[in-house]
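Using the sequences and the hints given, assemble the complete structure.
Top to bottom, those sequences are chains A and B. Taking this note's numbering, I'd label the letters of the first sequence as residues 1 to 489. Taking this note's numbering, I'd label the letters of the second sequence as residues 490 to 829.
Source of the hints: derived by calculation from the structure; they are not laboratory data. A portion of the hints provided could be inaccurate.
[Said to hold, decoys possible] Now the stretches of chain A that chain B is said to cover, found in silico as 3 or more residues with beta-carbon under 8 Å:
#, stretch
1, 398–412
2, 425–439
[Said to hold, decoys possible] In silico SDA-like links for lysine to any residue, alpha-carbon gap of 25 Å or less:
#, chain 1, residue 1, chain 2, residue 2
3, A, Lys74, B, Asp762
4, A, Lys478, A, Asp437
5, B, Lys773, A, Gly388
6, A, Lys223, A, Pro79
7, A, Lys187, A, Asn224
8, A, Lys92, A, Ile39
9, A, Lys74, B, Tyr736
10, B, Lys732, A, Glu449
11, A, Lys385, B, Lys506
12, B, Lys644, B, Asn705
13, A, Lys433, B, Thr703
14, A, Lys76, B, Gln698
15, B, Lys764, A, Ile456
16, A, Lys76, A, Met257
17, B, Lys631, B, Asp574
18, A, Lys407, B, Val729
19, A, Lys419, B, Glu798
20, A, Lys237, A, Ser155
21, B, Lys715, A, Asp391
[Said to hold, decoys possible] Partner residues are not named here, just some residues of chain A that face chain B (Cβ under 8 Å, in silico):
#, residue
22, Trp72
23, Tyr415
24, Ile416
25, Glu417
26, Ser418
27, Lys419
28, Ser422
Every residue, glycine too, gets a C-beta built ideally from N, C-alpha and C.
Below are the chains, spelled out letter by letter.
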Amino acid sequence: MSNITQETIDTVQSINKYDAGFETDIEMEYSPKGLNEDIVRLISKKKNEPQWLLDWRLKAFSYWQKMTEPQWAKLKIPPIDYQDAYYYAAPKDMKKIKSLDEVDPRILETYKKLGIPLREQEVLLGVEGAPTMAVDAVFDSVSVGTTFRAKLKESGVIFCSISEAVQDHPDLVRKYIGSVVPFADNKHACLNSAVFTDGSFVYIPEGVRCPMELSTYFRMNAKNTGQFERTLIIADKGAYVSYLEGCTAPMRDENQMHAAVVELIAHDDAEIKYSTVQNWYPGDEEGKGGIYNFVTKRGICEGRRSKISWTQVETGSAITWKYPSCILKGDYSQGEFYSVAITNNHQQADTGTKMIHMGANTRSRIIAKTISAGQSDSTYRGLVKIMGGADNARNFTQCDSLLIGDKCGAHTVPYIESKNKSAQLEHEATTSKISEDQVFYCQQRGISEEEALALIVNGFCRDVLQNLPMEFAVEAQKLVSISLEGSVG
Amino acid sequence: MSFAFENIPSVKSERWKYSNLQRALKDLSLTPARLGWDGNVSLLSPHAPGAMEYGDTQLWDLNASQTKDIKFITSNDIIDVSAKDGQSLSPRLIIDVKAGENITIIENHNGDGVYWKNAVVQINIEENAIFNHYRTIEESEKGVNTLFTHVKIAKGASYNAFTMVLGDGFVRNQIHAEIMGEGAHCGLAGVNLLASTQHADTTITIEHQAPHGTSNQTYKSVLTDKAHGVFQGKVHVHKVAQKTDGYQLSNALILSPQAEMDTKPELEIYADDVKCSHGATTGKLDDDPLFYMRARGIPEPVARALLIEAFCAQALECIADDVFAQTMREEIAKWLTSRA
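Here's what the structure looks like:
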């Protein structure tokens, strides 16, 4: 007789679903459908932007019309109809809101359901266990609120949405926007430059260690929209910041586009730690629907001894095209890239990094773990480039792939270019399957095959997961297990 | 020239990213010539089998349309592919190794003055046969050699190739191996000793299309002066090729500030029960062993030469023929002395 409790049934049901796939019913304000110069002007006007930014957007837009999509990735991307989407969607009546308490309760409820702490009162009142993390919540095209701003301001940290930064700190924005990712960098970044609607802005002043983790949570809710956010993080001399990014979207049959640009600037002795848990809707088991995730992320280690570290856990999206990169310009600067990419069903991922060594004694480290299941295809693509001036540069790269099932593919495409005789570069890659012995060992001890798989995969990803901040690490481990549901048997 | 420039692969093509053949050929004035091999042109297979999907068959096609030199080989042989000043050659070698046989072929590629050799070597190895394929490539300063080798390996058969690149000029050594039958083996090794403004590109694709296949790649490059080395190696494991064991190693040693090494080792895997890995390093001579030897009275040039010889040794281990292996050791020693 079976002895299954209700709890077990609920657990199984909950993990078999894409948890974040619900939709929030809320009145939205849209721009007209389609993309043209007027839409770009409209977005700029909605945001009350200065002329220079509108000019920049228009220039990007005119470039975008001439550019072609990058073709080199190992991805099958159906033709995208850029005119069949809304480029601006915001919850109605956003303008009048002064504090988070006034935000539509349905939006707050959405974030609560997703487990995102938007209430700072609890912490301020000293409720035990309330996480101290400042959050910028972006709902479709607009930021609905940023927590802990006052507390951050005490130490001089600026953390707000990029739209507010354009109004309140125009000089900083103007100086840095597009300085790491020029608008003509690639077609997706170019589109973002023309139509970006919101995102986060962070400035850590000289010598300040940001007192708490900063995070942005992106939620795509409205139908037929794309999300184009832009994040700009500047760490001045000797500053430190750890920034987290999370993203989810409702389950829909049509594909939605997400084309973000993230720029990081680290001055002398500064350190930026950027972590992402990407859980956009991946599409259903037949490969229907899901998000196209075309993201340009790049950081520059401008100053001496500066450091940029990217950690990413990529489990969502129908198609992922993403290469968080570091330009190691300052002498003795360091770049790190830790990545776990999991694809299941019909997902496709082409992700990796670029480490451009320009300064002397620069170091970089790449650890990439790729897991493919179902009928998915996953590629690690990474470039390590040593310029002539990068004396004594050092790189270590390790890429491991795990295949689960015989219908998926895992690929490794590293590019290693050295123009300096004193540079030392190492690259290692392996591809294997989950050892039957390990699964057998677990099963013998009463652990089911699926649980054993989750356990082994988590072990495989450990090197990367342990680089995530605490709160995210737990979340990511759970995600790793969920993403592989149904890939056994 | 007798060919249209648009038929020459450009650096825009992913597989030619690091080798600018159009630039190498740009100002050469060449006339089509012959080596004087006979052979029946009608027996020629025009297309590179299986290579189509990589979209890199331009030079094969060009060879097929131009060739007047065809040679069929079925037993041990030594072949010279030498070009004279001003020649444009399109030789084709067709090697057929019958079931159960064990043969060795040595190819010597060289030339004088300005020339372009666009060679295709087509190999078919039948069941349980062994083919040892040794090559030395020593081109002139203005010589261009594009060498496209395609090999099919049947069940239980084994292909062992070693290539030594010396000399000068522009070399593209492209190998496309297909493991067609169960338990077949493909072993590729090479030493590239590159100097002056030499450009040497080793581009490999190994396709595992049957279960229990093994493949091994061991390449060592030493670069000095303004030399440019390229290594692109791809192991493609098809869905059916379960229990494949593939390994790929590329080590490069850069001795001068102006030399450049570009490495792109690729794994493309569609079967889950496989063991595939690759390793790639680029670096300089280790200071510690150098110091150790000098502390024991070994002069620096000798110590350096010893270290470089040791660096290359692993690739030489793949040569089954002792005499040829010894010749290669001597070639390395000679190269090192001339540069000390």
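Right, here's what the structure says about each hint:
For the stretch 398–412 of chain A, the stated coverage by chain B is satisfied: 11 residues place a CB nearer than 8 Å to a CB of that chain, which reaches the threshold of 3. Residues of the stretch 425–439 of chain A with a Cβ under 8 Å from some Cβ of chain B number 9, which satisfies the need for three, so the listed coverage holds. In summary, the hint linking A/Lys74 to B/Asp762 is supported, as the alpha carbons are separated by about 22 Å, within the 25 Å threshold. A hinted pair counts as satisfied when its Cα atoms are at most 25 Å apart, and A/Lys478 with A/Asp437 qualifies at roughly 24 Å.
For the hint linking B/Lys773 to A/Gly388, the alpha-carbon distance of about 14 Å falls within 25 Å, and the restraint holds. Our distance criterion of 25 Å between C-alpha atoms is met by A/Lys223 and A/Pro79, whose separation comes to about 19 Å. Distance check on the hinted pair: A/Lys187 and A/Asn224 sit about 20 Å apart at the alpha-carbon level, within 25 Å; holds. Between the alpha carbons of A/Lys92 and A/Ile39 the distance comes to roughly 18 Å, so the proposed pair stays at or under 25 Å and holds.
With a C-alpha separation of about 22 Å, the suggested pair A/Lys74 and B/Tyr736 falls inside the 25 Å cut-off, and the hint holds. Proximity of B/Lys732 to A/Glu449 is assessed by CA-CA distance (about 22 Å); at most 25 Å being required, the pair is judged to hold. Restraint check for A/Lys385 and B/Lys506: the C-alpha separation of about 14 Å stays at or below 25 Å, so the hint holds. Restraint check for B/Lys644 and B/Asn705: the C-alpha separation of about 17 Å stays at or below 25 Å, so the hint holds.
A threshold of 25 Å between alpha carbons decides the hint, and for A/Lys433 with B/Thr703 the separation of about 17 Å falls inside it, so the pair holds. As the CA atoms of A/Lys76 and B/Gln698 are separated by approximately 23 Å, the hinted pair is consistent with the 25 Å bound. Of the pairs offered as hints, the one joining B/Lys764 and A/Ile456 holds, with about 18 Å between alpha carbons and a cut-off of 25 Å not exceeded. Between A/Lys76 and A/Met257 the CA atoms are separated by roughly 15 Å; this keeps the pair inside 25 Å, and the hint holds.
Restraint check: the Cα-Cα separation between B/Lys631 and B/Asp574 comes to about 9 Å, which is no more than 25 Å; the hinted pair holds. About 10 Å separates the Cα atoms of A/Lys407 and B/Val729, which keeps this hinted pair within 25 Å; it holds. Among the hinted pairs, A/Lys419 with B/Glu798 is consistent with the structure: their alpha-carbon atoms are about 23 Å apart, no more than 25 Å. Restraint check for A/Lys237 and A/Ser155: satisfied, since their Cα atoms lie roughly 15 Å apart, inside the 25 Å limit.
Proposed proximity of B/Lys715 and A/Asp391 is supported: the alpha carbons are some 17 Å apart, at most 25 Å. Given the 8 Å rule on beta carbons, the hint for A/Trp72 holds: about 6 Å separates it from the nearest Cβ of chain B. With a cut of 8 Å, the hint placing A/Tyr415 at the interface with chain B holds, because the nearest CB-to-CB distance is about 5 Å. Proximity of A/Ile416 to chain B holds as hinted, the smallest CB-CB distance being about 4 Å (cut-off 8 Å).
Interface restraint check: A/Glu417 against chain B, minimum CB-CB distance 5 Å, threshold 8 Å, status holds. A least Cβ separation of about 4 Å between A/Ser418 and chain B falls short of the 8 Å threshold, and the interface hint therefore holds. Here the hint on A/Lys419 is kept, as its CB sits about 5 Å from the closest CB of chain B, short of 8 Å. With its C-beta approaching chain B no nearer than about 6 Å, A/Ser422 sits inside the 8 Å limit, and its interface hint holds.
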